[in-house]
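Protein chains in written order, with this note's numbering: chain A, 1 to 144; chain B, 145 to 425.
Keep in mind that the hints are not guaranteed to be accurate.
[As the list claims (entries may be wrong)] Away from chain A, derived, C-beta distances all over 10 angstroms, residues of chain B: (1) 160; (2) 172; (3) 232; (4) 236; (5) 276; (6) 316; (7) 327.
[As the list claims (entries may be wrong)] Lysine-lysine pairs mimicking DSSO-like chemistry, simulated, CA-CA at most 27 angstroms apart: (8) B/413 to A/115; (9) A/8 to B/344; (10) B/344 to A/126; (11) B/151 to B/177; (12) A/140 to B/337; (13) A/140 to B/151; (14) A/140 to B/294; (15) A/5 to B/302; (16) B/423 to A/128; (17) A/15 to B/337; (18) A/8 to B/151; (19) A/128 to B/302; (20) B/423 to A/115.
Hints listed in this document are in silico derivations from the structure and should not be mistaken for laboratory results. Remember, predicted model here, so these are calculated numbers, not experimental data. We put the CB at the ideal spot given by N, CA and C, even for glycine.
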Amino acid sequence: MQIDKEPKILAILCKWCSYAGADLAGTSRFAYPANVRIIQVPCSGRVDPVMIFKAFVEGYDGVMVSGCHPGDCHYGTGNYHARRRMAVARRLLQFVGVHPERMHFTWISAAEGKKFAEVCGQFTDKLKMLSGSEKTLARKELAT
Amino acid sequence: MKALRKKIRELFEKGEVDAVLGYREDPASGEVKAAVFKKDETLDDMVFDGRCIQNLVNYLPTLVARYRKVGVVLKGCDGRSLVTQLVEHRINKSQIIALGVGCEGVEIDGKEAEKCYDCATHMSPIADHEFGEKGEKREPAFAGVEEIEKMSPVERWKFFADYFAKCERCYACRQICPSCYCEICIADQQEPKWIEPSAKLSANTMWHLIRAYHLAGRCADCGECERVCPQDIPLRLLNNALEEAVHEMFGVRPGTVPEEVPPLVVLNKDDPDRILEGKNE
Ligand code: SF4
Ligand code: SF4
Ligand code: SF4
Ligand code: FES
Numbered sequence: 001m002q003i004d005k006e007p008k009i010l011a012i013l014c015k016w017c018s019y020a021g022a023d024l025a026g027t028s029r030f031a032y033p034a035n036v037r038i039i040q041v042p043c044s045g046r047v048d049p050v051m052i053f054k055a056f057v058e059g060y061d062g063v064m065v066s067g068c069h070p071g072d073c074h075y076g077t078g079n080y081h082a083r084r085r086m087a088v089a090r091r092l093l094q095f096v097g098v099h100p101e102r103m104h105f106t107w108i109s110a111a112e113g114k115k116f117a118e119v120c121g122q123f124t125d126k127l128k129m130l131s132g133s134e135k136t137l138a139r140k141e142l143a144t
Numbered sequence: 145m146k147a148l149r150k151k152i153r154e155l156f157e158k159g160e161v162d163a164v165l166g167y168r169e170d171p172a173s174g175e176v177k178a179a180v181f182k183k184d185e186t187l188d189d190m191v192f193d194g195r196c197i198q199n200l201v202n203y204l205p206t207l208v209a210r211y212r213k214v215g216v217v218l219k220g221c222d223g224r225s226l227v228t229q230l231v232e233h234r235i236n237k238s239q240i241i242a243l244g245v246g247c248e249g250v251e252i253d254g255k256e257a258e259k260c261y262d263c264a265t266h267m268s269p270i271a272d273h274e275f276g277e278k279g280e281k282r283e284p285a286f287a288g289v290e291e292i293e294k295m296s297p298v299e300r301w302k303f304f305a306d307y308f309a310k311c312e313r314c315y316a317c318r319q320i321c322p323s324c325y326c327e328i329c330i331a332d333q334q335e336p337k338w339i340e341p342s343a344k345l346s347a348n349t350m351w352h353l354i355r356a357y358h359l360a361g362r363c364a365d366c367g368e369c370e371r372v373c374p375q376d377i378p379l380r381l382l383n384n385a386l387e388e389a390v391h392e393m394f395g396v397r398p399g400t401v402p403e404e405v406p407p408l409v410v411l412n413k414d415d416p417d418r419i420l421e422g423k424n425e
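Extracted from the complex, chain B is given alone in its bound form (with noise of 0.2 angstroms):
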C-alpha cells in the first residue's frame, strides 16, 4: 500500500496522471468504495484489501472521456476485464496507467468470494506498474458448472427455470457488466423486438441466454453482474460454462493474455466440425 501511494504521488508530481481511480475508505462510516483520487487530494484513505469488491474498470470510459490520462488500481480479475476493452477499442491504452495489485480475495457478506476460488490471474495481467505478491497463473476449476453438467436436461432446465422466473429485469446485471456496453442493448432494440420487455418466463430465458452468449469469450468473470443480482440468479454459471466451452474449443481464456482477440470476432479455417456436435474431441 506504501509503494502504491507513493507511486501514485510521483506519477502525479510528474504529470504523467492526471486522476487515479481507485478504492477508499470512507472515514467516518469504515465503507470502502470506488473514488477518484486528484493531484493535490490525500492519498491516506486510499486502501487495498478485500473490500474492495468493485470492478473499477466499470468506470473507466467516463473517465478517459474527461481525463487526459488516468491511473486505474487493477485487481487481477479487473485487469482482465481491462484487457477486454483494450483488445475491442473501446479505451486507448495511451489514456491509461495500469496499477497492478497482487490481490489475495476479496471478500462479499464476510465470506471470500467464489469468483476469487476460480480466479486465473491474482495480478492484473496488463500493469505498468506491479505491486504485491504476482500469485500464479491457474486454471478455474467452476465447481458449480460441474455441478450442473451432472444433471440430466430436464433437472438442468428445472434448475435454471427457477431462477429465470424470479428475474426482474432491472437489468442491474448489465449495468455493472464492463463489457456490457452497446449503445442500444438488444433487450431495449423495438425493431426486431427478441425479447419482451416484461419480465415473465419465455422473456426472461430469453435474456438469460442472449446475455450469456453476448458475453462468452468476453466475460472476466469479475463476479459483478452476480453480486448485484437483486434476485440471487447466479449469473457467474452461465458466464463460466461458457468461458469454459470456449477454453476447450478455441483455447481462450479471456482477458489473461493482453492483446487475444475475443474468440468470436475471429475465424478460424482449422475449427474442427465436431464442435457442431458439441464434441471436443
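The following block holds chain A by itself, in its conformation from the complex (with noise of 0.2 angstroms):
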C-alpha cells in the first residue's frame, strides 16, 4: 500500500533555534523530505504534551520537537522544562502503545541547517519502515 510509505510528521519547533535552523536549511538549499508539517512555538518549553497527544490522535505517523541545544535557550531554562515534560510524555505515549521510534526529540540550533535536513531525512526513513498496522492511537472511529 502506497498510503503507508509516505509518513506525515509533524515538527514543533523553537522559533530562536530549530526554527531558524529549517529556514536555514531551505535557503542553503539542504533538501529535507516534504513529509514534514512544521509548527512555530516561541520555545521547546511551550511544548504542551497535549499538542503531541493530538497529533497521534489525529492520525500523524510520527511527531518531532526540538529547541535551542541545552544552554542555548533565548528564554534560558525553557529547554531544560521540556527535557523533562518530552522525557515523561514519551514514557506515557510507549506504555499505551506508541511505537518507540515514532517520537523524535532532539536540539537543533539556527546554525545546524544541514542536521534539520538529516534529522527529518533518517526520521521519515525510519517512519517508511514501521507498517502502517502499527499506526494505533490514529482515530478508528472515522476509519470505521
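Need the complex rebuilt from these two chains, each delivered in its own frame; the hints are there to steer you.
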C-alpha cells in the first residue's frame, strides 16, 4: 500500500533555534522530505505534551520536537523544562502502544540547517520502515 | 483506636482543632463513611480499619475554608496525598493537624485493595501524631505495569483502546482525585478545545493521556480514581507507569518525602539527554 509509505510528520520547533535551523536548511537548499509539517512555537518550553497526544490521535505517523541546545535557550531554561516533559510524555505514549520510533525529541541550533535536513530524512526513513498496521492511537471511529 | 480517640478529645479540649475529619461507622447500616467530628460530639462511632477506603484529603480544602484548624485521620496513601497538596500550596500546614494511623491495608469488595500491595508508606509521611505500627517504607512492585511492558506496541494499544472506548467521560476519576483541582480543567476548556466532549475513542484517548500526564509526579497512588470508575478502567496502570518513569528518571516517589517539589515543576540542568530517547542508563 502506497499510502503507508508516505508518513506524515509533525515537527514542533522553537522559534529561536530549530525553526531558524529549518529556515537555514531552506535557504541553503538542503533538501528535506515533504513529509514534515512544521509548527513554530516561541520556545520548546511552550510545547505542551497535549500537542503531541493530539497529533497522534489525529493520525500523524510521527512527531518531532526540537529546541535550542541545552544552555542556549533564548529564555534561559525553557528547554530544561521541555526535556522533562518530553521524557515523561514519551514514556506515557510508549506505555499505551505508540512505537518508540514514532517520536523524536532533539536539539537543533540556528546554524544547524544541515542537521535539520538530516534529522528529517532519517526520521522519515524510519517511519517508512514501520508498517501502517502498527499505527496506533489514530482516531478509529472515522475509519469504521 | 483508643489512643486516637483520646488524642482527638485532648485536641478538642485544648482548642487545638475545631473539627476532625475521620471515618464513622453508621450504627444502623454498619457502613463506614467519611465524617466530620466536632467538639461535643461522640467519638464512639469513629473507626479505623480495612473499611476506611476513602481518601479524606479530598475533603480538606472545603474544611479548611470553614474551620480555623482541622484534624485529619490519614492512612499511608492519604498522607502522601496530603504531602502533594501541601507542596502545591493548596492547603496550609498551619491549618492541619495530621493524625497518621499505621494502615494494614483496606478492602474493596471483600478483597485487599490492589494499591495496598504496592503501598510505599503504610504510615503517613507527614504526621503530627502517629498511632499504631509505622511499618517499613518499601518500593512498589507494580506487577500490572510489568505485564503491559511485556507486550508489543500493537498489543498494548489493543489493551488500552478497549478500555478507553468504554469510558463514559463522567469525570468521576477527576472529581475524586485530590490532585485534580484545576479551576478550569483542560477537559472543560472551550478555547482551544483539546478534548472533544463526546465519549468516543479519539476524545477518550486524549482524556486518558492528559489526565495521566497531569498527575505524573503528583499522583500518590491512593487508588481512588480507579475505585470510582463506573467502567472499571484500570487507571492505576497509567498512574503507576508514570510513577515508575518519574522515579527512574528523576528519583522522586510522589508524596513520600515531605516538602519534595513535584519533578515536573522544577528543572534540572543536569538531566541527561538520553531520557529524551526513553533510556535511563
Ligand atoms: S471515572 Fe472512568 S468512565 Fe468516568 S471519566 Fe474517569 S475513566 Fe472515564
Ligand atoms: S490519580 Fe488516582 S490514585 Fe492518583 S492521587 Fe488521583 S485519585 Fe489517587
Ligand atoms: S485532568 Fe488536568 S486539567 Fe483536569 S483537573 Fe486534572 S490536572 Fe487539572
Ligand atoms: S527558545 Fe529555543 S528552546 Fe527556548
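Each hint, compared with the structure:
No Cβ of chain A approaches the Cβ of residue 160 of chain B within 10 angstroms, the least distance being about 40 angstroms, so the stated non-interface status holds. The Cβ of residue 172 of chain B sits about 45 angstroms from the closest Cβ of chain A, beyond the 10 angstroms cut-off, so the non-interface label holds. Taking the minimum C-beta to C-beta distance to chain A, about 17 angstroms, the non-interface status of residue 232 of chain B holds against the 10 angstroms cut. Residue placement check: residue 236 of chain B keeps its beta carbon more than 10 angstroms from all beta carbons of chain A (closest about 27 angstroms).
For residue 276 of chain B, the shortest C-beta to C-beta distance to chain A comes to about 35 angstroms, beyond the 10 angstroms cut-off, and the non-interface label holds. Annotated as non-interface, residue 316 of chain B keeps its C-beta farther than 10 angstroms from every C-beta of chain A; the closest such distance is 21 angstroms. In this structure residue 327 of chain B is separated from chain A by more than 10 angstroms, as the shortest Cβ-Cβ distance comes to about 17 angstroms. A threshold of 27 angstroms between alpha carbons decides the hint, and for residue 413 of chain B with residue 115 of chain A the separation of about 24 angstroms falls inside it, so the pair holds.
A threshold of 27 angstroms between alpha carbons decides the hint, and for residue 8 of chain A with residue 344 of chain B the separation of about 24 angstroms falls inside it, so the pair holds. For the hint pairing residue 344 of chain B with residue 126 of chain A, the CA-to-CA distance comes to about 31 angstroms; that exceeds 27 angstroms, so the pair is violated. With a CA separation close to 21 angstroms, the supplied pair residue 151 of chain B and residue 177 of chain B stays within the 27 angstroms bound. A hinted pair counts as satisfied when its Cα atoms are at most 27 angstroms apart, and residue 140 of chain A with residue 337 of chain B qualifies at roughly 20 angstroms.
Distance restraint check for residue 140 of chain A and residue 151 of chain B: the Cα-Cα separation of roughly 58 angstroms exceeds the 27 angstroms cut-off, and the hinted pair is therefore not satisfied. Between residue 140 of chain A and residue 294 of chain B the alpha-carbon distance is near 24 angstroms, which keeps this suggested pair within the 27 angstroms criterion. Distance hint between residue 5 of chain A and residue 302 of chain B is fulfilled; the C-alpha atoms sit about 23 angstroms from each other, no more than 27 angstroms. Between residue 423 of chain B and residue 128 of chain A the CA atoms are separated by roughly 23 angstroms; this keeps the pair inside 27 angstroms, and the hint holds.
About 24 angstroms separates the Cα atoms of residue 15 of chain A and residue 337 of chain B, which keeps this hinted pair within 27 angstroms; it holds. Of the pairs offered as hints, the one joining residue 8 of chain A and residue 151 of chain B is violated, with about 64 angstroms between alpha carbons and a cut-off of 27 angstroms exceeded. With a CA separation close to 22 angstroms, the supplied pair residue 128 of chain A and residue 302 of chain B stays within the 27 angstroms bound. About 22 angstroms separates the Cα atoms of residue 423 of chain B and residue 115 of chain A, which keeps this hinted pair within 27 angstroms; it holds.
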